[in-house]
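Given next are the chains, with one letter for each unit.
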Amino acid sequence: QKIPVGHLADQSGATSDVGVPFGQGVADALAYINKNGGVAGTTMDVETVDYGYQAPRAISQYKKWSSGSGKVAAIQGWGTADTEALTGFVGKDEIPYYSGSYSGHLTDPTGNGPHGSKPAPYNFFYGPSYSDGLRAMLMWAAEDWKTKGGSGKPKYVHMGANHPYPNAPKEAGEQLAKELGFDVLPAVQFALTPGDYTAQCLTLKQAGANYAYLGNTAGSNISVLKACQTVGAQVQFMGNVWGMDENAAKAAGSAANGVIFPVRTAAIWGGDAPGMKIVKEISKVSDAAGTAYRPVHYVSGICSAFYMKEAMDWAKQNGGVTGPNIRKGMYQKKDWVPAGLEGVCVPSTWTETDHRGMDKVNLYRANVTGDTGGSVDELVKAGTIKLEKIATVDVPRKPEWLGW
Amino acid sequence: MANISLIPCGDFKTRYAADTTIFPTKTSRNFAILGVALLLLCPAFMDRYWLNLCIQIGYLGIAALGLNILVGFTGQISIGHAAFFGFGAFSSAWLSNSFGIPVALAIPLAGVMTTAVGMLFGIPAARLKGLYLAIATLAAQYILQDFFSRADWFTGGTAGTIAEPFSLFGYAFDTDESFFYVVLVYVVVMYILATNLMRSRDGRALVAVRDHYLSAEIMGINLTKYRTMSFGISSFYAGIGGALYAHYLQFVSVEGFTILFSIQFLGMIIIGGLGSIMGSLMGTAFMVLLPEVMQAITTALSGTAIDAALNLREAIAFLREMAIGLVIILFLVFEPDGLAHRWKQIKAYWKLYPFSH
Amino acid sequence: MTLLFQLLVNGLIVGALYGVVAMSFVLIYKASRIVNFAQGEFLLIGAWTCWWLLTSWQLPFWIGFPITLAFMLVFGIVLQVVVLRPMIGEPIISVIMVTIGLSIFFQAMMKWMFGVFAKPFPTIFASPTVNILGLDVQTVYVMSLVISILIMAGFGWFFKYSRMGLAMRATAFDQQVAQSLGISVRHMFAMSWAISAMVSAVAGVTVGVVNGVSSALSFFGIKVFPAVILGGLDSVAGAVLGGLIVGVLENLAHYLDSQWLNWGNMYEIAPFYVLIVILMIKPYGLFGTKDIERV
Amino acid sequence: MNAATATAAVNPASAPAPVPGTAKAPLLSVNNIEVVYNDVILVLRGLSLEVPEGEIVALLGANGAGKSTTLKAISGLLKTEDGEVTRGDISFAGERINGIDPDKIVRRGIFQVMEGRRIIGDMTCQENLRLGAFTRRDGGVKDDIEMVYHYFPRLKERTGLAGYLSGGEQQMLAIGRAMMARPKLILMDEPSMGLSPLMVKEVFSIIRQINKDLGVTILLVEQNARMALQAATRGYIMENGKVVLDGTAEELRNNEDVKEFYLGGGNEERKSFKNLKSFKRRKRWI
Amino acid sequence: MSGAPVASPRGYAHPADATRAASPSDTIFEARGVSLRFGGVQALTDVGFSIRKGELFSIIGPNGAGKTSMVNCISGRYRPTDGKVYFKGQDITGMTPNHRASLGIGRTFQNLALFGHMTVLDNIMVGRHHLLKNNFFTGSLYWLTGARKEELAHRREVEEIIDFLEIQHVRKATAGTLSYGLRKRVELARAIALKPDLILLDEPMAGMNLEEKEDMARYIVDLNEEFGMTVVMIEHDMGVVMDISHRVIVLEFGKKIAEGTPEEVLADPRVKRAYLGEDDEEDEAVAPPPKQEVA
Ligand SMILES: Nc1ncnc2c1ncn2[C@@H]1O[C@H](COP(=O)(O)OP(=O)(O)OP(=O)(O)O)[C@@H](O)[C@H]1O
Ligand SMILES: Nc1ncnc2c1ncn2[C@@H]1O[C@H](COP(=O)(O)OP(=O)(O)OP(=O)(O)O)[C@@H](O)[C@H]1O
Ligand SMILES: CC(C)C[C@H](N)C(=O)O
Ligand SMILES: [Mg+2]
Ligand SMILES: [Mg+2]
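Chains as they are written, first to last, in our numbering: chain Y, 1 to 404; chain R, 1 to 357; chain L, 1 to 295; chain C, 1 to 286; chain H, 1 to 295.
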């Protein structure tokens with residue numbers, strides 16, 4: 001008797017640039033788990049489906065998974081639109097849903113948070129919410145301003161498309177920025193697609209913004225970085241988890257140099273951590289030679305899969321691998337890391353009333369020196385692209401921030 | 001295109017009434033009734049996956065019919081239909097959330113609200129033609145999308161809004177099995193209404209405007225009125241479809257109503273057959289099922305010898321997308337007039353069998 | 001004030017790029033009344049091809065770029081022969097749908113062939129930026145500006161005076177009549193698709209050099225619709241002017257928005273409002289030919 | 001005139017009639033063709049006709065008989081209307097031309113003046129005329145434009161877009177365009193339609209001139225049977241997709257049925273349109 | 001034969017004869033000083049005439065003389081640059097074409113303007129538009145609102161028109177696939193369906209052979225005499241014009257050059273020169289004089 005598990009990934013759609021590595025991480029991890037004893041001896045029957053980032057297709061697929069005898073025990077999901085659309089359904093069908101959408105309101109399982117969003121009892125994600133990531137960067141920025149000896153109030157600006165994903169942390173960020181003594185400039189919009197964003201950069205420059213949050217995915221963020229470099233806007237950019245990574249740094253070249261962004265894992269590929277051994281093993285699932293470089297999303301995907309797996313382990317011991325049991329499994333330990341991934345996954349805690357897994361956010365800086373032709377592997381090896389950890393920021397689970 | 005209207009031998013009409021029915025023959029009418037009756041049984045033997053697909057085909061089919069009335073029957077291309085669809089979804093959610101209007105009532109009201117918005121954006125139709133109008137509707141698409149993400153009071157802003165499940169007399173239709181019936185009723189009613197519209201005065205006027213607006217005007221048809229009205233009717237259908245969508249998913253977010261979705265709507269009616277009522281439904285089914293079929297093929301393929309031999313892996317996702325594009329292209333190369341046309345030819349063939357000429 | 005000025009300059013420069021894409025769009029429309037929804041993918045294919053030549057083959061830009069253009073010319077012809085030729089004489093709307101199918105197809109194919117990550121272009125110009133009227137501008141924009149002016153002048157002449165240009169217009173007006181005059185509709189279409197693909201490649205490479213190449217680049221195809229319409233669908237000069245206007249409008253709207261209004265997102269939306277207003281005054285855009293309404 | 005004599009002139013529809021008085025092979029011969037629209041609507045049922053080189057042949061028939069369809073079958077334009085020649089063949093100058101694309105047929109020297117004028121509305125007269133000469137590579141285009149203007153001075157005055165021309169002016173342009181092509185064979189579909197009486201005479205004299213001076217063979221579909229049979233050397237009469245009567249123009253002019261149905265009255269005098277009351281006459285050849 | 005007029009025999013009292021001196025209230029239509037220009041083209045210059053109720057009125061003239069333009073001014077497609085048109089004593093110069101249709105002006109077109117993709121039946125039903133009451137709402141509810149009853153009632157009348165014009169066999173055919181002559185007939189049917197008081201026919205007999213012209217002439221005469229419609233006809237076949245019209249005006253270069261009974265007009269040397277051609281030796285256009293025949 002296998003445990004059916006669904007895995008929605010975007011391999012071919014609009015967010016495939018991050019969807020591919022993340023999905024690969026999840027898929028490899030699940031395959032690895034199956035090869036190494038499965039969930040307490042039972043293997044999972046994983047169906048990985050590329051839904052091309054199209055919500056209707058995700059919904060049909062979900063219906064397939066959630067009905068009949070082969071009803072899945074849990075799902076590894078992906079984007080904002082589909083996660084939001086499925087939130088109600090997974091709650092009703094009691095299927096834990098681990099997604100790549102880190103909107104703050106998904107961290108409120110009861111819907112009783114001060115910002116009164118709809119309850120999301122079965123939604124989980126591994127990583128800081130978009131809001132918490134931004135909070136961490138703002139806290140860092142406040143410090144940074146002091147150390148750099150900036151005079152007066154630093155100016156902060158939120159940038160991104162007028163869409164759920166970039167907007168999710170907007171208010172939370174602006175609120176905190178005010179509290180931290182930033183001068184909050186009016187938000188600047190730019191579309192989710194690459195284009196010419198010189199205009200935006202010129203206004204940034206003119207307004208004298210010091211810190212800017214880039215809320216979009218990599219493609220359009222790159223355009224902004226490049227345009228700002230061209231017009232010579234001196235701004236410290238802060239990316240989001242999906243907005244900056246090794247590939248984006250390569251594409252943006254020197255324009256990406258110095259961008260700060262949250263990384264979900266405690267160590268990145270090639271890093272020095274006890275859990276890295278397993279990560280390397282997992283990577284061999286899809287790369288037998290073991291030579292490929294794995295970007296940050298891949299490693300995060302592994303963690304996402306492993307948290308689910310451990311919760312399943314618990315469920316198996318405690319009444320069977322059902323949705324509600326897996327959910328309970330998530331609540332069993334505090335500040336835990338899946339066995340074997342020590343030093344890779346950040347210790348996290350979920351409770352019945354609070355799905356903010358992480359309260360520490362690792363911030364990295366992209367260092368790009370020189371020409372970025374060639375593959376990411378080479379570039380990282382050569383040190384042309386370097387992701388450098390600059391801080392770990394505590395983002396306390398303040399009750400007033402729950403679900404926000 | 002030539003309209004092949006063939007009636008079986010011996011099937012003579014003795015009254016004009018008999019000549020204006022929806023179904024040309026008794027048999028076809030009985031088949032239609034039988035079909036609906038069979039559909040009623042669907043929830044008993046279909047699983048949620050299939051029901052979900054049927055429901056999708058249902059609400060999208062209603063909206064697609066609206067677009068077909070605009071594009072196929074009146075000849076005004078719109079590439080902003082998804083925005084109207086979205087407007088209907090938000091309206092219905094808003095009506096039931098903010099005013100406690102029962103969902104059953106909110107859906108038609110949302111249709112009416114969308115009609116109003118559709119007419120507003122249809123104003124340029126009085127002056128613009130062809131692609132110029134199409135791009136004006138593209139503007140509507142972007143303007144409405146922008147409005148959705150701003151209007152917190154209405155749409156919940158970019159965070160989106162929840163929508164109550166459909167309920168009637170205290171019974172909530174919140175499962176696929178039950179919601180299927182809601183959609184089915186709407187589809188049947190909306191399709192019958194459209195069929196009636198097209199065989200009465202204003203429907204004919206719309207088609208006349210499409211075929212030759214100059215002579216239509218001289219035949220006494222007020223162009224401005226009918227062009228705008230067409231937008232209104234089309235939006236009404238979009239609104240109803242959108243409202244059903246909202247209460248099915250019980251959540252509405254601005255993300256869903258993009259230009260790509262609008263283009264998909266166009267795809268549905270073109271593949272189904274412009275200016276064909278049933279074609280709208282067939283085209284919708286095609287566009288909804290195509291990715292699913294491709295997915296099924298992909299799933300069946302992965303892990304097999306072929307997969308291993310060609311080392312497809314991730315490539316399979318792209319191959320599937322390419323296949324979707326290719327099927328659309330091939331379909332149109334072989335059937336440029338859409339499914340409805342092919343359907344007619346099949347019917348004609350059987351009626352004339354074995355004399356196909 | 002300098003901000004406004006810089007924004008306007010930027011608008012003109014980016015607008016010229018829109019103009020190029022708009023032009024390639026108009027070309028196909030003028031010859032066949034087909035709205036090419038795969039225009040964006042043409043940009044993408046052009047950009048990836050050039051990128052590939054420059055990185056995998058290490059060709060210098062001045063060789064790789066002309067090869068790209070030549071390739072696109074062939075690509076356009078092949079596409080026409082294989083896919084669009086069977087559609088000649090079929091309802092235009094069906095052909096439009098075919099271009100949607102093409103767009104899905106090529107989008108996936110490009111991702112398959114070149115991966116899903118954005119890739120940077122190698123350095124092409126010795127000095128990556130030039131200063132125009134106080135604004136630092138990517139050199140490649142200037143290149144595309146020059147090329148677009150040349151192309152525009154060429155087409156202006158082509159459609160007005162050349163035999164082939166006339167034939168193309170005739171084909172657009174009525175395929176059946178064109179055939180009855182001995183015009184090969186196939187050749188006309190092949191020619192227009194080929195040229196259009198080539199012109200798109202200019203834009204694709206330009207955007208690629210500026211932003212790096214990624215599939216999302218294909219959105220440019222839809223983005224230029226307002227430019228096309230503003231200028232008038234069937235006017236080459238209008239397309240370019242429309243592009244310039246949209247470029248300036250975007251920047252102007254952004255200026256107003258960021259300095260005073262703070263409504264947000266005007267950059268993207270304002271051109272559409274203006275578009276509707278302009279169309280209400282001039283239903284055929286600024287330079288489009290009016291339909292003949294004669295009974 | 002009685003039925004017997006009329007039927008005497010009727011050819012069996014299946015076999016092409018030998019053209020009396022012409023020894024050499026005709027320029028165009030249509031052999032027993034069948035045309036189907038949309039795979040179902042059978043319009044021509046075994047139609048045959050021949051057009052000898054250098055002559056003017058008239059094709060007459062009632063509305064819907066299939067005259068335009070015949071011309072389109074010859075010029076290949078049928079394809080663009082979902083029509084198809086399903087049987088028989090068409091040969092021009094000794095070569096089979098059915099199935100060939102219309103533009104290639106034009107290059108071989110057949111030019112059709114389509115029914116309903118079909119000028120290119122968003123171009124000027126001059127541009128329309130230049131397009132008429134699209135397949136020509138010689139330098140005489142400019143002179144020929146002047147020649148057309150000489151025949152139809154009215155066209156020269158109209159410098160605006162051709163779409164705004166009056167119906168008759170457009171008809172002149174359509175004929176002018178055919179002259180520009182300098183083909184071997186012109187298929188004319190109702191050239192006199194919509195022209196004033198003066199212009200009709202003019203056009204027929206032009207047709208004769210094109211034929212005589214330029215040596216162009218002409219297949220003429222015309223409702224003005226009187227004029228057509230005067231200009232033509234031979235004529236065919238078709239009904240319901242078949243040729244029902246053919247002969248030299250002279251023979252046809254003197255055929256009683258033709259007189260009655262096409263020329264107006266079997267006798268010298270014309271009936272008044274006014275006083276015809278509804279009565280259906282039977283055509284004797286059906 | 002010569003163009004010399006021969007008095008047409010008429011077996012009944014000529015309505016026009018009776019009304020010739022009648023009061024102005026019998027005037028159904030009047031044009032006063034109508035001028036029309038398009039840019040540089042003066043299509044009509046100061047044209048004035050009036051049409052009496054029950055008349056069969058013809059407009060003739062060389063090609064491009066402005067006949068169709070005149071009819072367009074009556075039906076509302078063009079608005080005169082100068083002058084006024086009156087229908088039933090009411091100034092309709094500024095009225096929209098659709099409004100005029102509901103007042104009772106119907107027409108056919110020189111270049112066919114049928115609704116090509118609709119069936120013949122539907123084409124004719126469109127003619128009933130202004131007479132039908134049901135709308136998108138009641139029409140959609142068909143059975144519940146009496147729309148069905150209304151539609152059927154009108155369908156009956158349309159069938160009568162179909163019978164009258166003998167087009168039963170193509171009732172369900174798509175109008176766009178009909179042969180030219182049949183389309184003309186369907187157009188006439190559609191115009192009749194409007195129940196107009198004034199019907200404008202632009203070259204109703206173009207493209208018809210003699211027999212068909214005879215049929216058409218009969219229909220027109222019947223329309224005029226039995227249905228009591230006032231008919232305005234543009235026609236180049238002088239035989240028809242002479243035989244069936246009561247009064248004729250002649251336009252040349254946009255100016256009215258003659259008006260009167262057919263005989264008077266044809267005798268006018270100016271008309272002969274401008275329109276018929278001077279040569280009298282073998283005049284095909286004007287056929288031999290009609291045979292004496294009593295209906
Ligand atoms: N595209 C088409 N599709 C279907 N049927 C057609 C099409 N074109 C013509 N037909 C049919 O073919 C028959 C012959 O038409 P055709 O136009 O050849 O007649 P014709 O002799 O030219 O008549 P006319 O004198 O009125 O022009 C008609 O019955 C017509 O309905
Ligand atoms: N919309 C328009 N724009 C420009 N010129 C026009 C327009 N309509 C008509 N004309 C011009 O006006 C003149 C009169 O045209 P009209 O169609 O009235 O002629 P007509 O008398 O009907 O001729 P025919 O017998 O050839 O149909 C023509 O020279 C034509 O070119
Ligand atoms: C890459 C994505 C998971 C990012 C974001 N959640 C979105 O759907 O737009
Ligand atoms: Mg014909
Ligand atoms: Mg006219």
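Derived by calculation from the structure, the hints in this document are not laboratory data.
Keep in mind that this is a model prediction, so the values were computed, not measured.
Heads up, some of the hints might be wrong.
Simulated restraints on C-beta separations [said to hold, decoys possible]:
| no. | chain 1 | residue 1 | chain 2 | residue 2 | range |
| --- | --- | --- | --- | --- | --- |
| 1 | L | 163 | C | 213 | 22 to 32 Å |
| 2 | L | 123 | C | 126 | 31 to 41 Å |
| 3 | R | 296 | Y | 332 | 34 to 44 Å |
| 4 | R | 37 | Y | 2 | 31 to 41 Å |
| 5 | L | 163 | C | 251 | 20 to 30 Å |
Computed from the model, here is a short list of chain C residues facing chain H with C-beta under 8 Å [said to hold, decoys possible]:
| no. | residue |
| --- | --- |
| 6 | 34 |
| 7 | 36 |
| 8 | 37 |
| 9 | 60 |
| 10 | 68 |
| 11 | 115 |
| 12 | 149 |
| 13 | 164 |
| 14 | 167 |
| 15 | 194 |
| 16 | 199 |
| 17 | 205 |
| 18 | 213 |
| 19 | 215 |
| 20 | 261 |
| 21 | 263 |
Note that the Cβ used here is the ideal one computed from N, Cα and C, for glycine as well.
| request: Would you pick out the hints that fail for this structure and give their numbers low to high? | output: Result: hints 2, 5, 6, 7, 12, 17, 18 and 19 break, sorted rising.
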